Amino acid sequence: MGRAFCRLLVLGAVLAGLPGLSLISPALAHHSFAMYDPAVTVRLDGTVKEFQWTNPHALLWVVGTTKPGENPTLWTIELPTSPGNLSRMGWTKHSLSPGDRVVVELNPLRDGQHGGSFRKMTMVQTGQVLLVNLRDQPKTEAAK
Amino acid sequence: MRLRALLVVVGLAFAAPLRAGETAVAASAPSARDWAELAKLPDWSGVWTPLPPAVTGKPPAHAGQWVESEPQWRPEAARQIAALEAEEAAGRPHNIYLNCLPEGMPSFMIMTLNALEILFTPGRVTILGEFDGNRLRRIYTDGRAHPADPDLTFNGHSIGHWEGGTLVVDTVGLLPEVFLPLGQGVGLPNNGDMHIVEHIRLAGPDLLQDDLLITAPHMLAKPWAYTRKFKRHRGAAADIVEASCRQGDFVEQRDEAGNAVFAPLPHDAGGAPLPLPTGK
Chain A
15 MGRAFCRLLV
25 LGAVLAGLPG
35 LSLISPALAH
45 HSFAMYDPAV
55 TVRLDGTVKE
65 FQWTNPHALL
75 WVVGTTKPGE
85 NPTLWTIELP
95 TSPGNLSRMG
105 WTKHSLSPGD
115 RVVVELNPLR
125 DGQHGGSFRK
135 MTMVQTGQVL
145 LVNLRDQPKT
155 EAAK
Chain B
5 MRLRALLVVV
15 GLAFAAPLRA
25 GETAVAASAP
35 SARDWAELAK
45 LPDWSGVWTP
55 LPPAVTGKPP
65 AHAGQWVESE
75 PQWRPEAARQ
85 IAALEAEEAA
95 GRPHNIYLNC
105 LPEGMPSFMI
115 MTLNALEILF
125 TPGRVTILGE
135 FDGNRLRRIY
145 TDGRAHPADP
155 DLTFNGHSIG
165 HWEGGTLVVD
175 TVGLLPEVFL
185 PLGQGVGLPN
195 NGDMHIVEHI
205 RLAGPDLLQD
215 DLLITAPHML
225 AKPWAYTRKF
235 KRHRGAAADI
245 VEASCRQGDF
255 VEQRDEAGNA
265 VFAPLPHDAG
275 GAPLPLPTGK
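Quick mapping for you: the protein sequence lines, in order, are chains A and B. Take the first sequence: its position 2, counted from the start at 1, is 16 in this note's numbering, and no numbers get skipped. Take the second sequence: its position 238, counted from the start at 1, is 242 in this note's numbering, and no numbers get skipped.
Derived from the structure by calculation, the hints contain no laboratory data. One thing to keep in mind: the hints can contain errors.
[Claimed, not checked] Subject to a maximum C-alpha distance of 16 Å in a straight line, what follows is the list of computed EDC-like cross-link-like pairs (lysine to aspartate or glutamate):
hint, chain 1, residue 1, chain 2, residue 2
1, A, Lys107, B, Asp174
2, B, Lys233, B, Glu246
3, A, Lys107, B, Asp215
4, B, Lys233, B, Glu256
[Said to hold, decoys possible] Simulated coverage check for chain A against chain B, where a stretch passes if three residues somewhere in it have a Cβ under 8 Å from a Cβ of chain B:
hint, stretch
5, 67–76
6, 90–99
7, 123–129
[Said to hold, decoys possible] Calculated Cβ distances over 12 Å to all of chain A for the following chain B residues:
hint, residue
8, Arg83
9, Ile85
10, Leu117
11, Asp155
12, Gly189
13, Asn195
14, His203
15, Glu246
16, Asp253
17, Glu256
The structure displayed is predicted, hence computed values, not measured ones. Quick reminder that beta carbons are idealized off the backbone N, C-alpha and C, glycines included.
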């Protein structure tokens with residue numbers, strides 16, 4: 015993780031500790047995805063900043079743009095499931111690396127903040143498409 | 005001799021007396037025959053992943069989740085559910101699992117999106133979950149009854165018996181705060197006296213079916229019948245992994261001393277991770 019990114023994290027932690035700026039809830043964990051708008055799909059063209067392989071949801075940070083001429087900004091993207099399920103779909107913790115050029119389709123937060131729920135990703139260099147679809151899990155023998 | 009007699013008296017004093025409705029459970033070690041008997045049970049080995057709605061044949065009733073039959077709520081509960089559904093639809097979910105307390109039953113079986121595995125040992129069936137911090141259910145199949153006055157817990161007290169290839173499980177002793185769930189943002193506490201009966205069986209070579217009948221007299225007008233199906237996978241690629249409840253609420257980083265630490269991430273009120281403040 016880059017030092018600049020760490021500084022942002024520290025800033026976030028500091029801000030969260032200030033009265034009136036309670037950005038961080040005491041516990042979050044499993045949550046509904048209703049705050050993401052399923053009717054809207056945003057296409058984020060950018061570069062992977064970090065990919066975090068954690069439960070209950072893996073997280074992805076991408077710096078990119080959603081329209082031509084826009085200044086690149088940092089988006090926080092939540093994958094809708096966990097490393098266990100992702101592994102059964104063929105993902106690994108190495109599926110994405112910092113610096114990878116990607117195009118991510120996501121359902122954005124309804125309030126306009128730069129967060130979203132992962133829908134689909136295309137690796138620009140290889141054309142590989144990454145999906146998160148519980149229906150595909152796993153690709154071994156399907157139930158009869 | 006006096007010392008031996010004293011030890012017997014002390015031992016009796018500490019032995020838990022049986023209460024009404026309780027049966028004695030063998031305290032001896034399982035025999036070779038007990039272990040051999042397990043081979044007669046159906047093969048439920050492997051890793052079981054819950055089936056999505058397209059396979060169970062029903063559309064999702066709530067965002068990201070699915071139910072196969074809608075519960076018949078009592079009027080006051082129905083009013084609350086309608087309000088929660090409206091909030092969910094408006095993007096303001098009232099999350100029911102946000103505090104990382106165990107989801108409990110019936111969520112353990114009907115709400116999980118993660119894998120299960122099931123172990124048979126003499127007198128016990130153990131269901132290990134990947135969801136929810138790898139929590140587990142213990143189902144006693146040694147013939148015991150429920151305790152007369154069980155300590156209330158999230159997964160309750162479960163006893164089971166085999167009817168052919170079907171494991172029949174009876175669960176009581178559930179905390180009143182444990183939810184009747186329709187989704188991660190829609191659900192109500194059972195408010196006490198919940199009772200769950202399950203019939204778990206192989207419905208195909210690699211298909212496990214759990215038919216649940218959930219009775220919650222303070223919230224449901226009639227028992228809620230619900231079926232959840234799981235498909236089987238074998239091999240290391242499908243192995244269940246360690247799953248903590250809250251690790252994703254943090255970001256991995258190094259502190260000023262170079263130690264690997266978890267730093268909290270900002271989230272919105274509904275639990276979605278937010279972009280970090282840029283300071284710009």
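Checked hints:
1. Restraint check for Lys107 of chain A and Asp174 of chain B: the C-alpha separation of about 40 Å exceeds 16 Å, so the hint is violated.
2. Of the supplied pair hints, the one linking Lys233 of chain B and Glu246 of chain B is violated, its CA atoms being roughly 23 Å apart against a limit of 16 Å.
3. Restraint check for Lys107 of chain A and Asp215 of chain B: not satisfied, since their Cα atoms lie roughly 36 Å apart, outside the 16 Å limit.
4. At roughly 36 Å between alpha-carbon atoms, Lys233 of chain B and Glu256 of chain B are farther apart than 16 Å, so this suggested pair is violated.
5. Given as covered by chain B, the stretch 67–76 of chain A passes the check, having 6 residues with a CB less than 8 Å from a CB of that chain where 3 are the minimum.
6. Chain B is given as covering the stretch 90–99 of chain A, and this holds because 8 residues of the stretch bring a CB closer than 8 Å to a CB of that chain, at least three being needed.
7. Counting residues of the stretch 123–129 of chain A whose beta-carbon sits less than 8 Å from any beta-carbon of chain B gives 6, enough to reach three: the coverage restraint holds.
8. Once the 12 Å rule is applied to beta carbons, Arg83 of chain B is consistent with being away from chain A; the minimum gap is 20 Å.
9. In this structure Ile85 of chain B is separated from chain A by more than 12 Å, as the shortest Cβ-Cβ distance comes to about 14 Å.
10. Under the 12 Å C-beta cut-off, the non-interface status given to Leu117 of chain B relative to chain A is violated; the minimum distance is some 6 Å.
11. Every CB of chain A is more than 12 Å from the CB of Asp155 of chain B (nearest about 24 Å), matching its label as outside the interface.
12. Interface exclusion of Gly189 of chain B from chain A breaks down, the closest Cβ pair being 3 Å apart, not more than 12 Å.
13. Residue-level check passed: Asn195 of chain B sits 22 Å from the nearest beta carbon of chain A, beyond 12 Å.
14. At the 12 Å boundary, the C-beta of His203 of chain B stays outside the reach of chain A, the nearest C-beta of that chain being 18 Å off.
15. The non-interface label for Glu246 of chain B is inconsistent with chain A: the shortest C-beta to C-beta separation is roughly 8 Å, within 12 Å.
16. Against chain A, the non-interface label of Asp253 of chain B is violated: not every CB pair exceeds 12 Å, the least being about 5 Å.
17. A beta-carbon of chain A is positioned within 12 Å of the beta-carbon of Glu256 of chain B; the least distance is around 7 Å.
When held up to the earlier numbered hints, the structure conflicts with 1, 2, 3, 4, 10, 12, 15, 16, 17 and fits the remainder.
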